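Chains X and V: place on chain Z using the hints.
Residue numbers (the working numbering), protein chains in the order written: chain Z, 1 to 231; chain X, 232 to 575; chain V, 576 to 789.
Among the clues, some could well be false.
[Stated by the list, open to error] Restricting the straight-line Cα-Cα distance to at most 20 Å, the calculated cross-link-like pairs of lysine to aspartate or glutamate (EDC-like) are:
1. V:K763 / V:D744
2. Z:K172 / V:E620
3. V:K623 / Z:E169
4. V:K742 / X:D403
5. V:K644 / V:E654
Derived by calculation from the structure, the hints in this document are not laboratory data. As the structure is a prediction and not an experimental result, all values here were calculated from the model.
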Amino acid sequence: MTYQEFKDILYNGVWKQNTGVVQLLGMCPILAVSTSVVNGVSLGLATSVVMALSGAAIAPIRGIVPNEARIPVFILIIAVLVTLIQYLMNAYMYSLYVVLGIFIPLIVTNCIVLARIEAFAAKNPPLQSALDGLAMGLGLTAVLAILGGLREIFGHGTLLSGIDMALGESAKSLVITVVPNYHGFLLAILPPGAFLTLGCLIAGKNWLNLRAEKKLKDAASLEAAFPAAHA
Amino acid sequence: MSGFFSPFITKPVSVSQIMLHVLFALIPGIALYVWFYGPAILVSITLASITALGIEALMLKIQHKPVAPYLKDNSALLTAWLLALSIPTLAPWWLVVVGTAFAISISKHLYGGLGNNPFNPAMVGYAVLIISFPAYMTHWLAPQGVGGVSMSFSDQLGYMFQGLLPDGLTLDAVTMATPLDTLKTQLHQHSQIEHILNMPIYGHLAGKGGEWVAGGFLLGGFYLFAKRLISWHLPVAFLGSLFLIAGIFHLFDPAHYAAPLLHLFSGAAMLGAFFILTDPVTSPTTPRGKLIFAAGAALLTYLIRVFGGFPDGIAFATLLMNITVPLLDAWTQPKVFGKKEKRS
Amino acid sequence: MRRTLAKASFYTAVNLLAFALLGTAILAFTYNQTHERIEQSVEAEKLKLISQIVPQALFDNDVIADTLKITPDPLLGTEDATTAYRARLKGKPSVLVMEAVAPDGYSGKVALLIAIRDNGELAGVRVVSDRETPGLGDYIEIAKSKWILQFNGTSLAKYNGENWQVKKDGGQFDYMAGATISPRAVVKAVHKALQYFAQHQDALFAGTSLGVTP
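Isolated chain Z (complex conformation) (with noise of 0.2 Å):
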């Protein structure tokens, strides 16, 4: 894989290709785990693995799997790694387990998964695949980060609270507290929220695309107008 390739790569998953706020793939877990920022991130890196690892499982054996048998066996092997990951944060991050509850085993069911491995690593070499199951998680994992943050900051003037279920007892010191003595705006925290904060960032990428596609515009007519100055 050459630099250029791997450049590529990343920036198609992270921000071009965005999951979460360009291809809209996957709202469901978006909208309801996003309450904070810790249980947005936990679940988008847990389907950020789920979807390197099968990347990298798939990617080598679609030779020898049949056409028909194609998406069953595709199928099974993304639930094989997610039932892994669960029983994994069951065991070791039990209470963290408990807050992301469905989500976890419905990462199989999460149509981004499916879509890299049948868009990607059905044609790609398998270190590509999983640079873009991990490039696409990790461009979810930001969204639900900001997302999580958002609706933290704004419901219950935290962030990163619920970080001890994550790493432990002694992280609970890291949880900010951003404003003090806070009422509250529970419709941050309900799901409208959810609704009303993607939408805004959403509304952000499309100006910060537009934002970036006038300014190449202005430099190309400047250009256009002012050969000498560059030659």
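Below, chains X and V alone, put in the same frame as chain Z:
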């Protein structure tokens, strides 16, 4: 484009003038409100108005739209007044500001500004507040003559702006559940309607004080109707359906379902019928559409009031029916004469 | 043609089977490696909840293992058999942890976990599940406010019947203005559970079931 557009006016009247008439029509209700609950509501209305105009100007500026002409259309003021009238009298100042700001910025301007917002902004503001701060949304003052303690105006201001209550006074002594809420919780405790209605907070038809305020809004509604600013369809269909539905339940089991007039004169029913549902932007334009829209809102209001978890149902009923408006408009659009109906 | 079709189908089936076997093997292995740890986690979580309402100093037995089946009872508001946990100190009964249901919360049932000491005092009460309005009636949960802690140390002996109400109704228990229904329900349910305990105290610490016909 063919079809009907409300308001049905005979001579051209500007949006600004219509809105002024609507604001004027609210005055009898507000006057009675002040009479029964004290002048605190005027402070809420002023606060909401200032916030609404400020946020409106800010949003227009961000969008590079002309500020002055839009501000003068008075629609932001109407949103502010309706919201202030919908929330408890003893609302802390920030509650009024947050609700109004949300109504104007998100539910009006993010959807494209006046004429493009699918949801009634005042009701979105109310919904946001009751979901986010339900505890503050229960602080309704007891009307004059009910309950032992009454608050002076300066005490009310002290609570609204500093969150302080005079010594020895608790929130519980000066606030009370609304007549609708009391009805619901008492029924939960297996009381019967006739016993509940003997409680001091009930008057002739519905809640003491509240029934008069509702009457004031009814009067304002007549004014709007006389000025031909609203058509009869929405208010009549809404109040009629509510009366009918409540009447059927009441006939069926008078011990557990309140009389229809109590429903008409409780909560925001009158305000909703004449001032909220009639918002021309968020209601259907065809007469048939209006009838269906209002009847649906009445049904939802009754269901939420009697079987739901919220004290009143007008806001959520309005918002839910707002969603159906484009569909109702398309469905009830009269066919152009001479054109054959095409079935797909 | 037919032979190649049969061959392809066979190949597909074998392929699927192979992957299914491989997947099952991997999962079986992981399960084997983790299940002990998972069971420990589940028990630790239960113990954590119980030790929230039962002071560590009051027991030295394996509370999780010392259980008792209780049949549904109107005083407990339960409709199914529930499991109670018994804490003992030096072999003597010290605290009973049992479930009760307050059926008349503002939005339906409120499930409670109640710990009662052998002297009839409440060691602690927790709301296990409810459907209260967020921000209004949910202050009965420990995560939202300390309201539920006021039961600690109270007993039938300390308060007589009329005091087992919220202050608004003339009792001893605090509540928040605007949300009285659910606290009222919880106080009533705890009061009834104490009565149940008083009636059956001896039976509750003996045997492994109460009222359950095997």
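Hint check:
no. : hint            : in the structure
1   : V:K763 / V:D744 : holds (12 Å)
2   : Z:K172 / V:E620 : holds (18 Å)
3   : V:K623 / Z:E169 : holds (13 Å)
4   : V:K742 / X:D403 : holds (11 Å)
5   : V:K644 / V:E654 : holds (13 Å)
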